[in-house]
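Asker: Here is how the chains run, residue by residue.
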Amino acid sequence: MMRSPNQKQTVKRIFRQLKSYWFLIALSVLMAVITVAGNLIAPILFGDAINCMVRNDTDFEKIYFYFALIGASIILTCLAQWLLNIINNKIAYSVTEDIRREIFGHIQRLTLKYLDEHPYGDIVSRNIADVDQFADGLLMGFTQFFTGILTIVGALVMMFVYNWIIAIAVFVLTPLSLFIARFISTKTYRLFRKNSQIRGEQTAFIDEMVGNLKVVKAFSHEGENIEKFDEINGRLAKSSLDATFYSSLPNPTTRFVNALVYAAVALAGALTIIFNLPLPFVFDVGRLSTLLSYANQYTKPFNEITGVITELQNAIACAGRIYELLDEPEQIPDNEGAKELGCAEGEVLFKNVSFSYTEDKKLIENLNISALAGQRIAIVGPTGCGKTTLINLLMRFYDVDDGAIFVDGNDIREVTRHSLRKNYGMVLQDTWLKSGTIRQNIAMGKPDATDEEIIEAAQNAHSHKFIMQLENGYDTMISEDGGNLSQGQKQLLCITRIMLSLPPMLILDEATSSIDTRTEMQIQSAFTEMMKGRTCFIVAHRLSTVKNADLILVMKDGKIIEQGKHDELIALGGFYNKLYNSQFAI
Amino acid sequence: MKKLLKYLSGYKIESVLAPLFKFLEACFELIVPFVVSAIIDNGVPDRDPGYVGWMCALLVALGAVGLISAVFAQYFAAKAAAGFAEHLRHDLFNKLQSLSYAEIDSLGTSRMITRMTSDVNQVQNGVNMVLRLFMRSPVIVFGAMICAFLIDALAGGIFAAAIVILCVIIFGILLVTIPLYRKVQGNLDGITTYTREALTGARVIRAFCNEDKEIESFNAKNAALKRSQTFAGRVSALMNPLTYAVINVAIILLLYSGAIEVNGGNLTSGEVIALYNYMSQILVELIKLANLIITVTKSFACAGRLGEVLAIEPSLIRGPFVRNEGMPFIKFDNVSMKYSAEAGKALSDVSFTAERGDTIGVIGGTGSGKTTLVNLIPHFYDASEGAVYIDGVNVNGYPDEDIRGKCGIVPQRAVLFSGTIAQNLRWGKPDATEDELAEALEAAQASDVIKSKRRGLEERVEQGGVNFSGGQRQRLTIARALVRKPQILILDDSASALDYATDAKLRQSLKNLDYKPTVFIVSQRTSSIRHADKIIVLDHGAVAGIGTHEQLLEECPLYREIHYSQYEKKEAR
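Those sequence lines, one after another, are chains A and B. Quick note on this note's numbering: the first sequence kicks off at 68 and runs consecutively. Quick note on this note's numbering: the second sequence kicks off at 2 and runs consecutively.
Simulated from the structure, these hints should not be mistaken for lab results. Be a bit skeptical, because a hint or two may be false.
[Said to hold, decoys possible] Cross-link-like lysine-lysine pairs, in silico, DSSO-like; alpha carbons within 30 Å at most: (1) A:Lys454 with B:Lys454; (2) A:Lys281 with B:Lys506; (3) A:Lys623 with B:Lys506; (4) A:Lys513 with B:Lys214.
Start from the sequences, fold in the hints, and give me the full structure.
Answerer: Okay, here's the thing in C-alpha cells:
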C-alpha cells in the first residue's frame, strides 16, 4: 500500500486522536486474541473427541473430558467476542462523538470568510458522511482486520505444528487467493466508477426534468425527454450489468479457492496417514478433521481483508478531509483586554476604511461615514456596490483591512464581539429561521422573554395573526429554514425577533422585500416607532422606503459617490436622481 | 410487487436459469462432506493413495463446476435485474411525465426524484439478490439438514433444532435492531440539520450571540446519537457470540450422539466428520439468508411505492370538443377552483373575457390566486366550478398539445435547462430558424444577453442556468415563450428581476408584436400593469375589481391601497 507523506501524517494524527482510549484498545486487542485462540482451539478438541470414537471401544470418559474443555472454551470465546464487539463499538462511537463535537465548535468559530467561500454541502458532508465513514473504517479495522490477520497466522502456525506438509500446500495456494481478490477488486472498482458516473448523469437529468416537470409540460417537451432518457437509461443498464456481475464474482471465486485449499488439506492429510509420514505429533483422523476445519476458516479472512483495506484507505482519506476542516484558522479571538461595550448610544464612525474580500480585487477604499446616535442612514446603489459588505463590517463578520470603525468612540476591535453584536438588531433579506418552535425563534435574542413580551412583539410586527392561524400557535414547529412558511411570513418573524430584543442600533437589509406592499404599509408604523431614537442602517431597492432617511449614501463600486438628504440628492441631478426616476419610467 | 413482475417478463429465461444454476452450485457444495467422509472411511483405512487422489480430484472438480455454475447464475441474475430496472425506469419516467399539475403538486418533486432513483435501485438490488441467493442459502441450510438426516436420524434432529434456534436468534436480533438503527438514523438527521443550520445561519447565530447555545444543544444531540448507536450496537454485538455458542453446542451434541453410534457400530468416524462439516456450513448461509430477507423486505416496500406511482391515473378531466359560436376569444365563466377537496377555494366565481391582442393585468397580494387564475388557461388544472373557454371551446375539450401550443408561458421561477441557449429557446418550437430565435430575443429584450456571451446562441447553459443572472434568465425564458408565436402569452410575475426601464421596454415591445397575442401579466407592481386594457384585482381568490387603471383607482379601494403603497399619492400620475 503506497502512502504519501500526507497520509502518514493523517495516520499519525488518528493515533493521537485514539490515544485517550489506549486502555480500551489494549483490552480490545486482548479480547481479539482470546477470540481467535478459542476459534482455533475448538477444532482441535473436536478432533480429539472424534479420535476417541472407535467401534466398541469408545472412551466416553475422555470424550466427556474433552466436552468439558470445549464447553469452557465456548463460554470464554463467547464472552471475549461479546466484549470485543462492545469495546469496539464504544471506541468507534466515542471517537465519532469527539470529532463531531470538535467540528461543530470549530464551525461556530470559523471565519465568515471561510464559510462564505465554501459550499455548505461540503462542510456538512465532512461532519456527517466523512465522520461516519471514518468510524466505520475504525470499527472494521478493529473487528475484522486484526482478527482476520490473527486467524490467518494462527491457522497457518497450527497447521505447521501438526502437519508441515499440509501447511506448505496451503501456503503455496495462498497467493492465488490474494491475486484473484485483487484482480476482481480493481476491475470492479473501474466498472463501479463508470456505473456511478452514468447514474449521476441520469440523476442529474431526472433532477432537472422532474424538478421542472411543470415547465416540461407547458412546452409539451415530454417526447424529447423520453428519447434522451432512454439513451442514458440504456447505457446505465449496460454498465450496471457489468458492475453487478463483476462485483458478484469474489464470493464464488473465493469458494473455489477454498475448495482447492480444502482438497489440498484432504489429500496431504490422508496421504500422511496412509504413508505414516514421521511428524512431531501423531497425525490421525481427528487431526485431519481439525485441519479441514482450519481450511474453512483460513480463506475467509483474505476476502474480508481486501475489503477492509479499501475501507481503511477510505477512512484515512475521510480523516484527512476532517482534519483539513479542523485546521482551518478560526476567527481572531477577542483581544485580551477587550472591554464590554454595554448599551451603546449608537454613534458609528467609519474612518479611512479599506476592505476587500480578495487581495487582487479592491472593493472598499478609504471609506468615511459618520452616523450620529439616532440617525437613519440609508444605503442605496446597484447590485454588487458593497452594501452587504458594509453590514459585514458593521457586525464585525469581517475585519477591516485598513482604517477603523468606531462605535461610541471605541474601535470595534477593542470590544468583545458579543457585546458589539448585542447592540445591533439585524433583519436580512435572506431570512433565516432555525428548526424549532416559533417561540424559540422569536426569543433568539432574548431567551428569557415572557409570553406577554413575545406576543406583544408579534403584534407590533403584524405576525401575531398568522402565527395564531398556525396549527399550534406559538408552539408550532417550523422545519429546517422555515420550509413550511411563506417568504413573507419568514420575514415577519425575523422582524418580530428584533422587535422583541430592541437593541440600540438596527441593520435592515431589504427587510421588507418579500412582504406584500399592503402588509408592509401596515407594519411601517411599528417600524417607525422602533426606529425612533435608534441608529439605523437601511439597505433598500425600493427607494420610496428610504426617502425619509437623515442621510442617504449612494454607493457604486465600493465607493460613496453621493451623500445627503433625499431632496438634496434629487436637486443634485446625479446618479441618485437617475436611479430614483427610473422606477417611474413607463 | 406483482405489478412490477411484468418487467421481468422479457427476461424469463434469465430469471429461471439464474436460480437454477445457483441450485446446482449449492448441490455441488453439499456433496463435499460426503466425499471427505469417503476418503476417511475408505481411502485411509484401505491405505489406497489412488482412491484418495481421485476423491481429492473430485473435490477440485466439484469446486470448479460450482464456480462455473455460480458465474452463469450471477450473469443471468445481473442481466435480468439490469433489464428489469431499465424497463421500470422507462415506464416510471413516462408516467411522471404524463401526470397533470394536480398530481405533480400532491406527489412533490423530491418524492418523484426519490422514486425514480433510489427506490428503483433498491428494487433492482432486491431482484438481483433474490435471483442469486434465494435458491442458494435455503438449499444449503435445508440440504445440510437433509443430508444429516440421511446419515443419521438423531443427528438430523439436532440440525433441525439448531436451525430453529439460530433462526430465532438471528431474526430476533435483526428485528430488534432495525427500529434501533432507524432511531440512530433519526438522530443522525438531527445532527445533519444542526450542522447545516450552523452554516446557513452563521450570521444570525453570531448576531444574536447564540454560538454557545448552539454548541450546547448540538452536544446534547450528539450525545443522544452516541447513546442510541451504543445501544443498537450492544444488541447486535450479541449476534456473533450467541450463534457461535449454538453451533458449537450443537456440534458437541452431534459428537456425543455420534460417539454412541460409532461405539455401537452404526456410524463411521468419517460420517461424524461429515456431520461436523455440515454444521459449520449452515451458519454463514443462515446469516446471508437473514440479510437477504431484510433486503427483500426493503425492496418490497420500495416496490409498493413504485406500484402506487405507476397506478396513478392523470385526473385531468377530458370534455367534448364543442365550439360555441360568438364567444369572445377567452372567457372565464363563474370559475371556482380548489386544489383539493378539503382545501378552501383558491379562486371563487371569477368571470371575465378577453379579446385577441388584449393585455390583461392580474394583481393582488401573496396567495390571492393570481397564479391559479393563469394556470387554468392552458388547462394545467381543472376548474372545480364554472368553465374556461378559449375560442369558444371549453379548455378541457382540447388535447393537451393543442391547448398548450396556443400558449406561451413564462413561469414565476425562471428555469433554464442544461444545454445551449439555442436548445433552450427551441423548447417551444423544435424547428425554429435562427431568424425566428433572434426575433423572439429582440422582443424579449434579450438580444444583449446573447451578444454578451462569447459563443452567442451556442453558449452553454449549466443546470438551473446558474451561469446567467436572474434578470438574464428571466428575459431568456420570455424569449423561449415567444419563439412559438403563441396566441396567448402568460407572464407569471416574470419581470420581477428586471429593472423598471427594461420592464417598460419589454411591455412596449410585447404590445408591438405583429401576431397580436393576448397577454396576461401577473404582477405585484402596479407599474407593470397600469397600461393594460383590463386589470383584474384579486383578493383571497375573489375578484375585487376589474377595469382599467384609472377606473380601478376610482372604484376599487384595494387597488388604490396597493398602488399608493408603492407610490405616494402625489407621485401618482
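Asker: All the hints need checking, so say for each whether the structure fits it.
Answerer: Results of checking the hints against the structure:
{"no.": "1", "hint": "A:Lys454 with B:Lys454", "result": "28 Å, holds"}
{"no.": "2", "hint": "A:Lys281 with B:Lys506", "result": "28 Å, holds"}
{"no.": "3", "hint": "A:Lys623 with B:Lys506", "result": "25 Å, holds"}
{"no.": "4", "hint": "A:Lys513 with B:Lys214", "result": "12 Å, holds"}
Checked against the numbered hints given earlier, this structure breaks none of them.
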